[in-house]
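Engineer: Everything in the sequence shown is counted per the numbering used here, starting at 1 for the first residue and increasing by one.
These aren't lab readings, by the way, just hints derived from the structure by calculation. Some hints could be false.
[Stated by the list, open to error] The calculated lysine to any residue pairs, modelled on SDA-like cross-linking and capped at a C-alpha distance of 25 angstroms, are:
#1 K785 to H751
#2 K682 to S721
#3 K680 to D845
#4 K722 to H751
#5 K684 to S721
All values derive from a computational prediction rather than experimental measurement.
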Amino acid sequence: MCGCTAGFRLKRDSCGCEDVNECLNDNGGCEEQCVNSEGSYQCICRVGKLLARDGRTCIQCEIGYFGPSCHFTCSNCMNGGQCNEARDGCLCKPGFQGILCNNTCRQGTFGIDCNRLCTCQNGGTCNPETGGCTCPPGIKGVSCEIGCSPGYYGENCDKRCPQQCPEGYCNRMLGNCECEPGMFGPLCNRKCPDFSWGRNCIQECACNQKHSSGCDPKNGKCICLAGYQGISCNQKCPENRYGIKCQRTCNCPKETTCDHVGGECKWNCPAGRTGFRCQKVCERGKYGRNCLKHCECGNSGCSPETGACLCEAGHHGRHCLQECKKGRWGINCLNVCECENGASCDPATGECICRPGWFGLSCEQECPRERYGEKCLERCRCENNATCIATNGSCICQPGWVGQVCDRMCAPGTYGVKCRSKCICQNSAECDPVTGECICSPGWTGVGCNERCPQNTYGPGCSMRCACENGAYCDHIHGVCICTAGWRGKICNKACPEGFYGIECLKKCECRNGAQCDYVTGVCSCAPGWMGNKCTTPCPEDTYGKDCEEFCDCLNGGNCDAVSGICICKPGYMGRQCEKVCTAGFFGIGCQQRCRCLNEGDCNPINGSCNCKSGWMGKSCEKRCPRNTYGRNCEQLCRCANGGDCDPETGECSCDDGYTGRFCENKCSRGFFGKNCENKCKCKNNASCQHTTGRCLCTTGWRGRHCDKVCIPGFYGEECSKMCKCHKGEPCDHITGKCNCPPGYTGHGCHQTCPPRTYGAGCKKKCNCGRKSVCDHVTGKCTCKSGRKGKDCNRSKTFKIKRKMKKQKMAKTTPSPELHGGCKENEFGPGCNRVCECQNGGHCDEVSGECICLLGWIGATCEQPCPTGRYGLNCTEVCQCQHGGICDPRSGRCSCPAGHMSKYCETSCPPNKYGINCENDCQCGKAGICNPQDGTCQCKMGWSGETCEESCPSGRYGPNCIHTCQCQNKGTCDPVTGCCTCANGFYGQLCEIQCPPGSHGFYCKERCDCENGALCDPATGQCKCKPGFIGNRCEKECEPGTFGLHCQEKCDCASYGCNPVTGECKCPSGYTGPRCETACSEGRYGPNCRYVCECDNSGTCDPMSGHCNCLDGWIGAKCELTTETSGTRRGDVHWTDHYSK
1 MCGCTAGFRL KRDSCGCEDV NECLNDNGGC EEQCVNSEGS YQCICRVGKL LARDGRTCIQ
61 CEIGYFGPSC HFTCSNCMNG GQCNEARDGC LCKPGFQGIL CNNTCRQGTF GIDCNRLCTC
121 QNGGTCNPET GGCTCPPGIK GVSCEIGCSP GYYGENCDKR CPQQCPEGYC NRMLGNCECE
181 PGMFGPLCNR KCPDFSWGRN CIQECACNQK HSSGCDPKNG KCICLAGYQG ISCNQKCPEN
241 RYGIKCQRTC NCPKETTCDH VGGECKWNCP AGRTGFRCQK VCERGKYGRN CLKHCECGNS
301 GCSPETGACL CEAGHHGRHC LQECKKGRWG INCLNVCECE NGASCDPATG ECICRPGWFG
361 LSCEQECPRE RYGEKCLERC RCENNATCIA TNGSCICQPG WVGQVCDRMC APGTYGVKCR
421 SKCICQNSAE CDPVTGECIC SPGWTGVGCN ERCPQNTYGP GCSMRCACEN GAYCDHIHGV
481 CICTAGWRGK ICNKACPEGF YGIECLKKCE CRNGAQCDYV TGVCSCAPGW MGNKCTTPCP
541 EDTYGKDCEE FCDCLNGGNC DAVSGICICK PGYMGRQCEK VCTAGFFGIG CQQRCRCLNE
601 GDCNPINGSC NCKSGWMGKS CEKRCPRNTY GRNCEQLCRC ANGGDCDPET GECSCDDGYT
661 GRFCENKCSR GFFGKNCENK CKCKNNASCQ HTTGRCLCTT GWRGRHCDKV CIPGFYGEEC
721 SKMCKCHKGE PCDHITGKCN CPPGYTGHGC HQTCPPRTYG AGCKKKCNCG RKSVCDHVTG
781 KCTCKSGRKG KDCNRSKTFK IKRKMKKQKM AKTTPSPELH GGCKENEFGP GCNRVCECQN
841 GGHCDEVSGE CICLLGWIGA TCEQPCPTGR YGLNCTEVCQ CQHGGICDPR SGRCSCPAGH
901 MSKYCETSCP PNKYGINCEN DCQCGKAGIC NPQDGTCQCK MGWSGETCEE SCPSGRYGPN
961 CIHTCQCQNK GTCDPVTGCC TCANGFYGQL CEIQCPPGSH GFYCKERCDC ENGALCDPAT
1021 GQCKCKPGFI GNRCEKECEP GTFGLHCQEK CDCASYGCNP VTGECKCPSG YTGPRCETAC
1081 SEGRYGPNCR YVCECDNSGT CDPMSGHCNC LDGWIGAKCE LTTETSGTRR GDVHWTDHYS
1141 K
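Assemble the whole structure, with the sequences as input and the hints as a guide.
Structural biologist: Right, dumping it as structure tokens:
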């Protein structure tokens, strides 16, 4: 058995369910309104009541709540609306309605509750608040009752506007365009500036500029900033409301108050304080807790805590409301006024309050021009240069104007003072109301408006510039263009379609091989590579370009482009003629690839392979030479012996300790050891030293690190390893081990020479030598002391050695002291029997033989020059030369390299100077940077030549114009950056992309207007019609009897037409063949015999219509039915069924 859910009941057929309308039964139990729904119902209360929890009873909204389901409170009122006294609804401001004042008045009504009707006429719009009318352009009057119809002006509205205005209306008197509210300008296409509105933006917004962002440019309604409301945005948001239009509700704790702008919560401060944590004192005019109370002291201040008045000058009394008596001013009204011309004075400041027409500190000056009234604050309303009376503002009009404020121009046909003079102008011209000068109708000029506008101008005052291009004639009244030969379009800016030229593009071109046909004259402009009247002859060999007039001049195997003649250089070459090898750092085709050679490696300009500098190897010269190799690309083998290291650049050997020589093939000389054999051995007593470490190898009888000690007592011989056999107290020779010392020696090891003035065995003999001689400790023979000679050593010689010592801070020669001795020059030692070994002008000491070197030399024999960076006596001074300057080893003076100057070569050459001491003048132009070393010019981007005064030739760019432009399709190349500026019809980085179909012109900005699938020339916009079409836009099909490209071919179809594309004849039904002369063969029919007959049972078809002609015994559209029956006919069966197959 069927059953239904709650809210539904079983239908009468007992098979379906239908809704139960509960509201029909005692109103559903609802107190007020019952609303039925499918399967249920709902009780609804009237506005102002709330549905009780039982879902049926309605209870009254609590005070302060109203609306559907008591959802709204007074804080929800919008657009400046406030709660009524009962707090059960919003009282809306004029112009608004609705339960929350959220709707503007409907069209045609205004005011409080929108209960007043607007009186605007002629399409004027009504202000929903005030009912004021905003008239359409050209309409005036309180109710927009005055004005002409769109497109007309004049006193009788019988003149057409001089030009078509965007909104249709023009000024009734002058004919100029009247703009819609919110717009201004000659074409009414500019929006009103800030704080202006209305037609032509002549109205000023009546808004508080501090509290608003302006007004609506159409209706002048103020756009209030956050926290403010009202018509002029002068009112702050009500309590607990803030933000734009005061629509947001505050959410502040009880101890704080809400800021009307941003909704920030402020602290509940004690009297006289406000701000965050009550840190600020009340501002002037406020007092009490949170500074919420306003002082009742007029314009005077009050105590921020108590509100007690603190009267300002000019007032007195409890509330500071009593002003000073006339003629008095200031604090306690003690000062006397001093105003002129009957003026009174301000009781507070003593400022004179002038009578109308006067101003100044003492009201001693009359109002300036354009001002009148009290304090001259009123702006004269007189218009059009009228004279304003300073006392009352009345106007004295200039010629050409009348009216109370001189705002009305003279009536048409009159001019001058009070419009009493009559105008005399021709061609329906009006005259200037001031001077009587004729104001010509569109297209006319001259004193009497009897001359046409000058060439290329038209319209009112001949002020319109003709838009006609390409020499077209411009109509002087309307500006309509009449095109010259080769041009078409509204302003004659479109060339003839491809293949046509001349007046109205009626003539056909005969150019071939992609040549351009001059759309003016029809002359063929051959594509590069072709020549001849019809461009049918290719260029001869070694020529190129336009009309094959250029000759190829490529060098170094470069190929010449047949079109542009640009040389396509082989890898490694560049330049206009491929005459230059790639500059350092570049290689390959066009020298565009950057070399990767590191460490000053040389780059092959053709393939970029690196020829490495000495000491380097690798594909990019990134690797140091392996051990035992050196030179360019590390191709040479080192020859260093004895473990010496090879310098990877020069191959010079760096020897291990103990070895020397070019290839480290020699051990250190005797007496030297260590790195480069530079260390001198300290071994004594004829001991030798190890050449690597300098360790001493002592001779027989010696010991110690330097072999300077004899064997310890009791030992002798090699390494002091033998034991003496002498008796106690006998000496033991430390070398031989003998128990007695040789003559001249003494000591326990016979290692000490005899004491002075003794000699011989045991040192027992006495010497007989004088004071100027020395006794030999072995033989006792007397010899002269150093520097003495002669039989008695009495002879001596005086000589002077002059040395030139030049130091860094001395410029004069300092003589050395005189040296006295007995030896000749270049002799020294005892008996002057030794020869000095000093070199390079050095002098030796006659006693010791020590060399005294000249400035710039050093060494035991002065054999070494000062090393680089040193100079002076003994090379002790450090050179200060910079930037590779060479230091004089004697004086330290710097010899600067080219490009630098000054004492230490620290200064680069000044601009436009170069060379040694910067003495040469640079010859570089403004685009060149002079090399301070050799004076060569480094050209800036886009310049070339020895002096950088030649701009890059066409097709070149970059520094010294080294790069070849890659721009294609006649694009021009920026000589600095190489960026391409494309010719009409192309775009892309290299201008390599043709404009996409449907566009043309400069960077494809123009739209093609071709029809029937035709493409337009990407450069000129000429339509390239497909075969079968013709016309400026290919909008026409070929005329009957013609077909093909440009409809130049003639049909050969007798009297029949042909396909406009292919020329195929359109044969009538029943005929076919190239010229429609052949009747359809059996079994074919229709136009051009294209259809196959479908007749069965040997039926024949009509060659024109295809209708079947059946043989006897057969019927049907296709002769598919027989007329014979196969059995007895039944009367209840249709006759055709008896003849079916």
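Engineer: Taking the hints in turn, state whether each one holds.
Structural biologist: Results for each hint:
no., hint, result
1, K785 to H751, "holds, 24 angstroms"
2, K682 to S721, "holds, 23 angstroms"
3, K680 to D845, "holds, 22 angstroms"
4, K722 to H751, "holds, 17 angstroms"
5, K684 to S721, "holds, 19 angstroms"
Going through the hint list in order, the structure satisfies each hint without exception.
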